[in-house]
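J.: Residue strings, one per chain:
Number of protein chains: 2
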Amino acid sequence: MSPSTPLLREANLTEIESLALSSQLNMADGHARQELTEAQRSIIDELPDLFGKAAAQPVDDLEREAHGAYLHLLRQHSYPTGPGGVLTCYSSSVAMEILSRSLAASGGGPVALVHPTFDNIPDLLRGNGLRLLPVEEDVLHHGPVGEAVPEAVRCLFVTTPNNPTGRVLAEERLAAIAAECAARDVVLALDTSFRGFDTRSHYDHYAVLRDSGCRWVVIEDTGKLWATLDLKVGLLAYGDGVGLPLAKIHSDILLGVSPFILVLVTRFAEDAAAGGLTDLHRFVADNRALVRATLADVPGVSFPDVDARVSVERVDLGDRPCLDVWTRLRQGGVYVLPCGQFHWADPARGDRSLRIALARPPGALDAAVRALRAVLLDA
Amino acid sequence: MSPSTPLLREANLTEIESLALSSQLNMADGHARQELTEAQRSIIDELPDLFGKAAAQPVDDLEREAHGAYLHLLRQHSYPTGPGGVLTCYSSSVAMEILSRSLAASGGGPVALVHPTFDNIPDLLRGNGLRLLPVEEDVLHHGPVGEAVPEAVRCLFVTTPNNPTGRVLAEERLAAIAAECAARDVVLALDTSFRGFDTRSHYDHYAVLRDSGCRWVVIEDTGKLWATLDLKVGLLAYGDGVGLPLAKIHSDILLGVSPFILVLVTRFAEDAAAGGLTDLHRFVADNRALVRATLADVPGVSFPDVDARVSVERVDLGDRPCLDVWTRLRQGGVYVLPCGQFHWADPARGDRSLRIALARPPGALDAAVRALRAVLLDA
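Line order of the protein sequences matches chains C and V.
Numbering-wise, this note's numbering puts 316 at position 316 of the first sequence, and it's gapless, one number per residue.
To convert, count from 1 in the second sequence and add 1000; that's this note's numbering.
Okay, chain C solo, but in the shape it has when bound (with noise of 0.2 Å):
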């Protein structure tokens, strides 16, 4: 795939990643692609321990002692601990298309989706059959909460902290909103995948959610946070009297994950606990503030999203055009993603913006944003 301008406006963002995966400078996807730490690199030493231990342990266990390590990590004390109460997925998309499909089999109006966000979520719902309406953010987090839950909708989907704004959906807003839901019947439904990068989201939301009342859905991701090859789960939590048909649908698609990555989740968990998440805090702050570093002179050049601290960073280009600096960028084998996409019910918006990813060794993401800078000085 070869994209003009065109093209690149009909691809969608994961098309866009898939040109950049073989690229020694790509910052375009959200996965974690840096370093791994001495502590990191020492269980990938036990690897075969681990599979050993995986073989030998039954999966039950396995899977209730990923859960645990992940969940308490973010603080998120509060979960289903019975059998089902939270589905493991080979990944959160794939928990993203069966909480999808579960909604389209319950019936009732459009979804309501936060806007902008990644265009997978849009696309999967869409895909489904399902009519979106879109929340901006500001409503969302500052409007009536009558406008955050939009008449007549089914669900209302939010991913907090938001990809690729970094804005966190906080805890007092989060129970007026579920209220809002639990008043009308509307499933509220969370995608959390980026919620390790920041403290302000470690708090207990499957608690709000039970209870307000309401019917609701979690996605969470283990594969945003550690290098370990994309070997990871997503996670599809929620509560009782949902009403969808999460669990049938998960058993169509998988047995279960594979026992290996959960001891793998269990283990990095551990290491995040024990001061490596501390430690990828402070990894991704030093990125995001090489990136505006190199940038800060550049004219018309701005960082919307100044308190943000998941592993993406949005730029603003000003009045320059994001695909001519996406496509000067890529002449030069440093990928990015353009923003356009994000804003899935209004793409203009984000004509004027590109995502740098900052889960990346700092030499690449230097070298990458120096790069940058030329082609905006230049443009």
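Hint data in this document are derived by calculation from the structure and do not stem from the laboratory.
Every residue, glycine too, gets a C-beta built ideally from N, C-alpha and C.
A couple of the hints might just be wrong.
Stated by the list, open to error - Partial pick of chain V residues on the chain C-facing surface, computed with a CB cut under 10 Å:
#, residue
1, Pro1048
2, Ala1055
3, Ala1105
4, Asp1230
5, Lys1248
6, His1250
7, Leu1255
Unchecked claim - Label-pair distances were calculated between CB atoms; the ranges are:
#, chain 1, residue 1, chain 2, residue 2, range
8, C, Gly52, V, His1072, 26 to 36 Å
9, C, Pro80, V, Arg1041, 34 to 44 Å
10, V, Gly1052, C, Gly333, 15 to 25 Å
11, V, Glu1172, C, Asp60, 43 to 53 Å
12, V, Ala1296, C, Lys53, 32 to 42 Å
13, V, Asp1061, C, Val306, 32 to 42 Å
14, V, Glu1046, C, Arg370, 30 to 40 Å
15, C, Ser106, V, Glu1172, 40 to 50 Å
Chain C is fixed; fit chain V onto it per the hints.
T.: Chain V only, in chain C's frame:
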């Protein structure tokens, strides 16, 4: 879940398999759970190095190596090598979900599906809104080709070797069916997940399909052969002009599988090519012989799939109701699959047979089959 007989009738096969996951005598699912050979164990000893290799090498190369090693092992010598011609998925069921949704998006009549077959295939097709028509195995293999491809269907879906019967679609028959599909513009889709076990299916399916001029899709699965703790991939191969949005829906669900798993698949396939596959065939044949010998003198019991080479074996129970036998086995901690659910269009036809998994350590299999023998002699 503690199913009574009525609940068991409602459950799908995967839900029944999940009951067995932590049991010592789990002969239920068709995953590979035998012991590793010495050569395979030495691959596991290298896992830290394989992780390093997967991190260092471009993922395009790793994917090409895995496709080549696996498909050539099965004498599937011709396959699409361009970008996207073979889509790598987390599993064959994820590939099946992508195919099902693609078919649903493409319009047209019902889908014809071999009967019986593993129930997640009809469930995924129906779950995506498709109507199904059963094609009996005898018609598929030996009937007039016009009946093997019923009138007005948009797709014919065939599992070969079939699960649970092990029946293999012969090369000439595939060619005849593909010609019929080409003439009537029917998509011909194959699930060949079990072909690794049966050299009669080690012919070049894609060449036959391509030469016919039909629109075709094949789902492959590395997960049935080797006890890699479900570290596996599913492949979704398709011909030019298939006219289905397979690549787009794939990109909605994943950017790619783990490069670590790609490297592992390559290494296990190389070991299989160097003699491991022949050893595996002998292993499965020995386990099949063990089942048949242990039950040989039980009155009324027979083995309907005399020629089967796949890693599962059906046992016909004579006039004993399968669910009674299943329930009594379970009381002793032994798990197998009842066959009703395989007969997705007529469950009653499976009411007197069960399926035993053969990819297990012989000692455990022996204990399970002896328990089955005792139940049957007492029933």
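J.: Taking the hints in turn, state whether each one holds.
T.: Results for each hint:
1. Pro1048: Status holds, d = 5 Å.
2. Ala1055: 6 Å, holds
3. Ala1105: 8 Å, holds
4. Asp1230: Cβ of aspartate 1230 (chain V) sits 4 Å from chain C, so the hint holds.
5. Lys1248: 7 Å, holds
6. His1250: With Cβ-Cβ at 9 Å, under 10 Å, it holds.
7. Leu1255: With Cβ-Cβ at 5 Å, under 10 Å, it holds.
8. C:Gly52 <-> V:His1072: 26 to 36 Å: 30 Å, holds
9. C:Pro80 <-> V:Arg1041: 34 to 44 Å: Once the Cβ atoms are compared, 37 Å apart, the range 34 to 44 Å for arginine 1041 (chain V) and proline 80 (chain C) holds.
10. V:Gly1052 <-> C:Gly333: 15 to 25 Å: 24 Å, holds
11. V:Glu1172 <-> C:Asp60: 43 to 53 Å: 47 Å, holds
12. V:Ala1296 <-> C:Lys53: 32 to 42 Å: With Cβ atoms ~39 Å apart, the hint holds.
13. V:Asp1061 <-> C:Val306: 32 to 42 Å: 40 Å, holds
14. V:Glu1046 <-> C:Arg370: 30 to 40 Å: Because 38 Å falls inside the window, the suggested range holds.
15. C:Ser106 <-> V:Glu1172: 40 to 50 Å: With a Cβ separation near 47 Å, serine 106 (chain C) and glutamate 1172 (chain V) satisfy 40 to 50 Å, so the hint holds.
Hint compliance for this structure: no hint is broken.
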